[in-house]
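Participant: Take a look at the letters that make up each chain.
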Amino acid sequence: MVAKQLSVFIENRQGRLGEVLNVLKTNGVNILSLSLADTTEYGLLRLIVNNPELGKTKLAEEGFSTMLTSVLVLKINHEAGSLQGLLKTLSDNNINVEYMYGLSIDGEEASVVLKASDLVKAEEILLKTGVKTLSSDDILSL
Amino acid sequence: MIWSKEETLSREEIEKIQLERLQETVNRVYEKVAPYRAKMDAVGVKPEDIKSLKDLAKLPFVTKQDMRDNYPFGLFAVPRSELVRIHASSGTTGKPTVVGYTENDLKTWTECVSRIACMGGASKDDVAQICFGYGMFTGALGLHYGLENIGATIVPSSTGNSEKQIMYMKDFETTLLVATPSYALRLAEVAREMGVDPAKDLKVKIGLVGSELLTDAMREEMYKAWGKDMLVTSNYGMSELMGPGVSGECEYLCGMHINEDYFIPEIINPETGEVLPVGEKGELVITCIKKEGIPLIRYRTKDITRLMYEKCKCGRTFCRMENLSGRSDDMLKIRGVNVFPSQIEEVILGFEELGPHYEIIVTREGYTDKLEIRVELAQSTDSFGELEKLSNGVRNKLKVMLGLDAKVKLESPNTLQRFEGKAKRIKDLRSK
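Which chain is which? The protein sequence lines are A and B, in order.
First residue of the first sequence: 444, per my numbering; consecutive thereafter.
First residue of the second sequence: 304, per my numbering; consecutive thereafter.
Be aware that one or more of the hints could be misleading.
Partial list, derived from the structure: chain A residues whose beta carbon lies under 8 Å from chain B [to be verified]:
#, residue
1, Ser450
2, Thr482
3, Thr483
4, Glu484
5, Tyr485
6, Leu487
7, Gly506
8, Phe507
9, Thr509
10, Met510
11, Thr512
For lysine to aspartate or glutamate, the following EDC-like pairs were computed, each having C-alpha atoms within a straight-line distance of at most 16 Å [stated by the list, open to error]:
#, chain 1, residue 1, chain 2, residue 2
12, B, Lys473, B, Asp504
13, A, Lys501, B, Glu496
14, B, Lys712, A, Glu484
Chain B regions said to be covered by chain A (calculated; three or more residues, Cβ under 8 Å) [as the list claims (entries may be wrong)]:
#, region
15, 679 to 688
16, 715 to 727
No lab work stands behind these hints, which were simulated from the structure alone.
Quick reminder that beta carbons are idealized off the backbone N, C-alpha and C, glycines included.
Construct all of the structure, not just a fragment, from the sequences and the given hints.
Facilitator: This is the structure in structure tokens:
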């Protein structure tokens, strides 16, 4: 089960991130998690939100280069080594992780957002090892 | 349709008319325009020395500076009371250049633009929306009277209020668009924002674009934006010479036919002023041979092109000038390399991932010139790899085209400035 991530291209310019957040706020789009990566020229803002489609439409209307990206949201045990084990499984199967960031920690469980070179294969392998994946709807009930 | 029989005269007949009119014009300005007489006396040329078209090269050049020095009416060949209209160039640097028209001049102008409109496929059945700014600028009124003369229905919507422009196009079923290429692309953008697909929902089939150069890549963008069956032709002119109507492309898109019974073109080396052989690229120099108000002789246009005299498939015999490769004063010298903005544009338009708007920024760090190109993303991505590949791709293509390393900066859509008239895409921040 893949989830939708909202990705936004942002030039490195003062106030630009604030403009994105302002569009989301105005349209009632709530952010559950985010990752911001940057070079000296520009950044990519990756967001897990409650309504990715609405976020994309509204941001595009305001002139932002934005898209929905399929990612895996994985539920793992909240203990030392569980993430390492997961990555080893992927690496053993020649799957490359493009980026990853945390989503939530809740008692004994944690969840992470992961983008891999081959998302379908990554999910197939991880499911076999007992890892659970969450859909966009599942995320809302976290 | 060919508007006038003059457009198909033999070379011999054209040259006969040109010589007669040139001699008459030179006589007239020598007698009536003091600055001309002074210039000719300074090089020792008398009107009677002009015995053949070759003798044109003996006459001194006229430049924009001459027009400024004689601001406003010093180069006029008729008393002010004979003038029925005055136009002026924008005058972005200093005083504007002023031109005046007699009643006959306006008739000539209308005739010249009528021919150009017909070359571009216009007819009396067209609804022509003129999205050039009306006012002192010659573009709008020139096209206005020429198109009206051939019987088209004119919508003088001028520039600005782009949503309303689209509404007119839809409701009046506009078939012909007059605009700068960059404004035409902007209008297509606005239409799409309004949910109107210019190719499907509008009836615009003819584009007469001018006042900026139209590169092949820009023409492709026009087809993409307005539909493949559109005929986009460029036309050329400048207020000093008359306004639009000096030359225009026919449906074969192989250069712009010059109205040679009114204008004599020459190509010179912009640095030495020497006349170049036919076919070579250089600065276009134009002599107006049927103008009364302000008949300019050997006016240096600063536009870079070359002339072609081979017969055109359309049947017109007037020579053609290649679509401009730039202006000698737009030309940037970066690290000693001559760079025309049109070359950069061609590279950018070759990338689907990028939009057609761009900005060129030249700075100097220490003793080194730095070139930076800002472009807008047209397609979204979630990967740094792809963004890097794209900017490196543009950088490599620029290196091949210009022999220069440039910094490429990617921007969000709609962040660069849009222009309704001539686009100003170059920022040269080097201290002079």
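Participant: Evaluate each hint against the coordinates.
Facilitator: Results of checking the hints against the structure:
no.: 1; hint: Ser450; in the structure: holds (4 Å)
no.: 2; hint: Thr482; in the structure: holds (7 Å)
no.: 3; hint: Thr483; in the structure: violated (10 Å)
no.: 4; hint: Glu484; in the structure: holds (6 Å)
no.: 5; hint: Tyr485; in the structure: holds (6 Å)
no.: 6; hint: Leu487; in the structure: holds (7 Å)
no.: 7; hint: Gly506; in the structure: holds (4 Å)
no.: 8; hint: Phe507; in the structure: holds (6 Å)
no.: 9; hint: Thr509; in the structure: holds (6 Å)
no.: 10; hint: Met510; in the structure: holds (4 Å)
no.: 11; hint: Thr512; in the structure: holds (4 Å)
no.: 12; hint: Lys473/B to Asp504/B; in the structure: holds (7 Å)
no.: 13; hint: Lys501/A to Glu496/B; in the structure: holds (13 Å)
no.: 14; hint: Lys712/B to Glu484/A; in the structure: holds (7 Å)
no.: 15; hint: 679 to 688; in the structure: holds (count 7)
no.: 16; hint: 715 to 727; in the structure: holds (count 4)
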